[in-house]
Amino acid sequence: MNTLINTIEIIGIFAFALSGILEARKKGMDIVGVYSVGMITAFGGGSLRDLVLNRHPLFWVEHYWYPILLLLLSFLAGFITRQVTSHTRVMTSVLVLDGLGLGLFAASGASVAAASGCHPFISSLLGVTTGVFGGVLRDIICNEIPYVFQRTELYATCAFAGAWSYLAVAGTAGNELAAVMSCISVTFILRIAAIRYKIRLPI
Amino acid sequence: MNTLINTIEIIGIFAFALSGILEARKKGMDIVGVYSVGMITAFGGGSLRDLVLNRHPLFWVEHYWYPILLLLLSFLAGFITRQVTSHTRVMTSVLVLDGLGLGLFAASGASVAAASGCHPFISSLLGVTTGVFGGVLRDIICNEIPYVFQRTELYATCAFAGAWSYLAVAGTAGNELAAVMSCISVTFILRIAAIRYKIRLPI
Amino acid sequence: MNTLINTIEIIGIFAFALSGILEARKKGMDIVGVYSVGMITAFGGGSLRDLVLNRHPLFWVEHYWYPILLLLLSFLAGFITRQVTSHTRVMTSVLVLDGLGLGLFAASGASVAAASGCHPFISSLLGVTTGVFGGVLRDIICNEIPYVFQRTELYATCAFAGAWSYLAVAGTAGNELAAVMSCISVTFILRIAAIRYKIRLPI
Numbered sequence: 001m002n003t004l005i006n007t008i009e010i011i012g013i014f015a016f017a018l019s020g021i022l023e024a025r026k027k028g029m030d031i032v033g034v035y036s037v038g039m040i041t042a043f044g045g046g047s048l049r050d051l052v053l054n055r056h057p058l059f060w061v062e063h064y065w066y067p068i069l070l071l072l073l074s075f076l077a078g079f080i081t082r083q084v085t086s087h088t089r090v091m092t093s094v095l096v097l098d099g100l101g102l103g104l105f106a107a108s109g110a111s112v113a114a115a116s117g118c119h120p121f122i123s124s125l126l127g128v129t130t131g132v133f134g135g136v137l138r139d140i141i142c143n144e145i146p147y148v149f150q151r152t153e154l155y156a157t158c159a160f161a162g163a164w165s166y167l168a169v170a171g172t173a174g175n176e177l178a179a180v181m182s183c184i185s186v187t188f189i190l191r192i193a194a195i196r197y198k199i200r201l202p203i
Numbered sequence: 001m002n003t004l005i006n007t008i009e010i011i012g013i014f015a016f017a018l019s020g021i022l023e024a025r026k027k028g029m030d031i032v033g034v035y036s037v038g039m040i041t042a043f044g045g046g047s048l049r050d051l052v053l054n055r056h057p058l059f060w061v062e063h064y065w066y067p068i069l070l071l072l073l074s075f076l077a078g079f080i081t082r083q084v085t086s087h088t089r090v091m092t093s094v095l096v097l098d099g100l101g102l103g104l105f106a107a108s109g110a111s112v113a114a115a116s117g118c119h120p121f122i123s124s125l126l127g128v129t130t131g132v133f134g135g136v137l138r139d140i141i142c143n144e145i146p147y148v149f150q151r152t153e154l155y156a157t158c159a160f161a162g163a164w165s166y167l168a169v170a171g172t173a174g175n176e177l178a179a180v181m182s183c184i185s186v187t188f189i190l191r192i193a194a195i196r197y198k199i200r201l202p203i
Numbered sequence: 001m002n003t004l005i006n007t008i009e010i011i012g013i014f015a016f017a018l019s020g021i022l023e024a025r026k027k028g029m030d031i032v033g034v035y036s037v038g039m040i041t042a043f044g045g046g047s048l049r050d051l052v053l054n055r056h057p058l059f060w061v062e063h064y065w066y067p068i069l070l071l072l073l074s075f076l077a078g079f080i081t082r083q084v085t086s087h088t089r090v091m092t093s094v095l096v097l098d099g100l101g102l103g104l105f106a107a108s109g110a111s112v113a114a115a116s117g118c119h120p121f122i123s124s125l126l127g128v129t130t131g132v133f134g135g136v137l138r139d140i141i142c143n144e145i146p147y148v149f150q151r152t153e154l155y156a157t158c159a160f161a162g163a164w165s166y167l168a169v170a171g172t173a174g175n176e177l178a179a180v181m182s183c184i185s186v187t188f189i190l191r192i193a194a195i196r197y198k199i200r201l202p203i
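Protein chains in written order, with my numbering: chain A, 1 to 203; chain B, 1 to 203; chain C, 1 to 203.
By construction, these hints were calculated from the structure, which means they are not laboratory data. Incorrect hints may appear among the rest.
Said to hold, decoys possible - Distance condition first, Cα-Cα at most 25 Å in a straight line; then the derived BS3-like pairs of lysine-lysine:
1) K27/A with K27/C
2) K27/C with K198/B
3) K198/A with K27/B
4) K26/B with K198/A
5) K27/C with K198/A
6) K198/C with K26/A
Go ahead and model the full structure; you've got the sequences and the hints to work with.
Rendered as structure tokens:
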């Protein structure tokens, strides 16, 4: 189970870091800014989860190769993304990876919270929080009202549905792998559908 | 004493959540944004208090019905506030409730810090912090310079005076209930007077 | 060693608080805003370090005279800085003190992290974070994109080099004092050179 959650984290971290890196480059930041915003976007949600649930050491302090990998990614991104970020295909890949990361992190948050004995509603909230908090910090640093709080295509709602599907499957089938996969699928499909058909919540 | 502090928290949470919800609606956020800003405004101060003083689980993780109640409140507020927020009477009620919440949270912060063995000055600071930090986060998320740091009618100052009155009464009379009531009264009366007579600090 | 780190902290706190106080006054805040931004700038980095590494009580909760001294400093600064902030010499002193504080805090972050058994790369990151996080919070509160993430003269990079020089000296010579002095010197000289010769990172 720990191996599964770690694998989850690596993919999610990569996707989130990339969204932070691209946003930082768009704002004209240098490598320090790019790396910092990438780190904060990738590790923000998991750090809040660990602080709230009093888990120490924090996951990126323990897995010290995560921040090292992100440093390499920041340098690489600098070389690669120069021309390509205007391409629609690249931005679509980022949206897809981000949807995957959202589902992965929501599962990790809900899983850790449930294992800590939290009430299901709190577990679902911590799933959503783990999924979206990195992006909230990214937007605050870039001096914008967080994307996730604005009235755009469903985002946090997808993670919320995914977290509940995790809790439902884990609670009935008792199979961690199935529960995680269920969370990722529900979150991802809902998110892609929301983008494709411009689904928004009413005010 | 625990029952008293819990009751304190519920009233304060309601008042603060409402101020967050109204602000989020003013910014045109959907239900996810409204609920998130409401939660952050209501739980921000107490969460910082608990993290700084290493109290686990955090109060809203333990009292899981708080976040559930706020979800209901967010839905209700959506239906109710549509027409009424332009009414002066409604906005006055919010200011009054907010002043009450400020006093309640200041008492809760100072009380918990003093019980943890903090120095009185630190206890008074944690009282103020518990009272104002949720609003600071609300304003940062809504992309504004926090209200409490701007030169407007006394706000943090009221909580500061209230926290000291808590410490004075708790230290001399040793009565928790009297100390909490004293803090609420001092904070609330000072805050209402500051609004009524436009009392500001000199630069 | 503890005495050394405490002394380090006091000088760094003074320098950082001053930069926060001046920024807050520039934004027209009253004494509450000035004190709060001064506190957050001075204590933000060390608080994050302590929360991430699970060290309790937080350093400013334990050393309660730090916040009291900052309150006096905030009042004094109000009287003193009225006319002088337009003077180039004053602003240069602030830059010099800030460079010193950056080196001091980077050493304190790297030292505490290494003593907690963190990997050297994580220790260097926590050194940088302890050095720059207060300023990041200051800029977020003042509603600006953090200075340290923008493409200006080297700042976080100096702390990064300094933190590594700390780790190198502490790891080879095993002398804490020499390691701290090395970190301060490397950070400070690099920072002053960056300002003097307008050294920036490439995008």
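Hint-by-hint comparison with the structure:
1. K27/A with K27/C: holds, 24 Å
2. K27/C with K198/B: holds, 21 Å
3. K198/A with K27/B: Holds: K198/A and K27/B sit about 21 Å apart, inside 25 Å.
4. K26/B with K198/A: holds, 23 Å
5. K27/C with K198/A: violated, 40 Å
6. K198/C with K26/A: Satisfied, since the Cα-Cα distance of roughly 23 Å is no more than 25 Å.
When each numbered hint is compared with the structure, a violation occurs for hint 5 only.
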